[in-house]
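Using the working numbering, read the sequence shown as starting at 473 and increasing by one per residue.
It should be emphasised that the hints constitute simulated quantities derived from the structure, not laboratory data. Yeah, the Cβ is synthetic: ideal placement off N, Cα and C, and Gly gets one too. Be aware that one or more of the hints could be misleading.
[Said to hold, decoys possible] Simulated DEER-style distance windows between Cβ atoms:
#1 495 / 784: 41 to 51 Å
#2 665 / 534: 22 to 32 Å
#3 534 / 754: 21 to 31 Å
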Amino acid sequence: MLDKRDMEFDLEEEVRGKNVKEPFLSQYRCGPLLGSGGFGSVFSGQRLSDGLQVAIKQIAVDRVQKWTRLPDEVNPVPMEIALLQQLSEDGGHPGVIRMLDWFEVEGRGFLLVMERPPHCQDLFDFITERGALSESLALRIFHQVVEALRFIHSRGVVHLDIKDENIVIDTRTMDIKIIDFGSGAVLKDTPYREFQGTQSLYTHSFFSTSPYKTPLSASKFHVVTLLVSLPASLGTRVYSPPEWIASQCYEAVPLTVWSLGVLLFDMVCGDIPFEHDMEIYRACPSFTRRVSKGCQSLIRWCLSFQPEDRPTLEEILSHPWMKAGNDKEEEEEEEERGGLREEHGSLPCQSL
């Protein structure tokens, strides 16, 4: 694993990367360590040319689980670099974190220079501090997440680890960005059989201000090393769908939509709906807070037991609750007067 001293004293002669003509240290200043985990470390940083604040993620070569080849590159690179490069082209998308640059530290690892939006914290900390969000705010955030995912999929990429810790929010504007593509993959129609969820990379999110708690065609890249399956204890298992629990197999879009259902529940209820495998397999969330019928309906649809019964991203955007928009605050007031309500919906809960 690289450390701060490596970056300060050894990188100038060792760093190289695509279209990089100057060594890393002549372009960026590395700041304090912000967090670390099983897949790497993150440092604060600054681009010297204009003072832009950045995040510098370093990945040790022995921690890379999936490699690919980029055009004009002799050596393979981590899949995360290829995915972020694809998503960052042509200015990227406002709801997706951009990779500004990358470097290889020969024989030892990689440095990813990421944008670091100001006034941001991850959604986990945001919910921890505020508790359950109003439906109007949850809708605003959720709509942005779904649109960002549509863009990601349109570029032939799938994130595979959507959760509150991998979404950052500007606390002034309520604009979001999806981060951490370390579990991402090339989007495909056939099933995935590797558990790609991860624990949060950062011991403390480098976007956090809280004291509490990142189209590809199949021919464009050549995968040279298959992803190694991870033990369940390392993954974001509470966001995983029933089909993974039952058969360790899932498809990209139904998995994503299931995770969106968990995320929306988390926002409007203040916590995730499932803690244990049996609860996931039952696919029957229990609403312990006042949540409108429309919101419950969408959550239950996303959390359908059968993958084929879940909506597409486009169908989510067309759901009446998503289109209500300005009526949210009035609906919340009506629900407050009417007491705790719960819609069971047309899809029955599943049982073992």
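The hints, checked one at a time:
Between residue 495 and residue 784 the C-beta distance comes to about 46 Å, which sits within the given range of 41 to 51 Å. Checking the proposed 22 to 32 Å range against residue 665 and residue 534 shows it holds: the Cβ atoms sit about 23 Å from each other. Our hint of 21 to 31 Å for residue 534 and residue 754 is violated, since their Cβ atoms are close to 40 Å apart.
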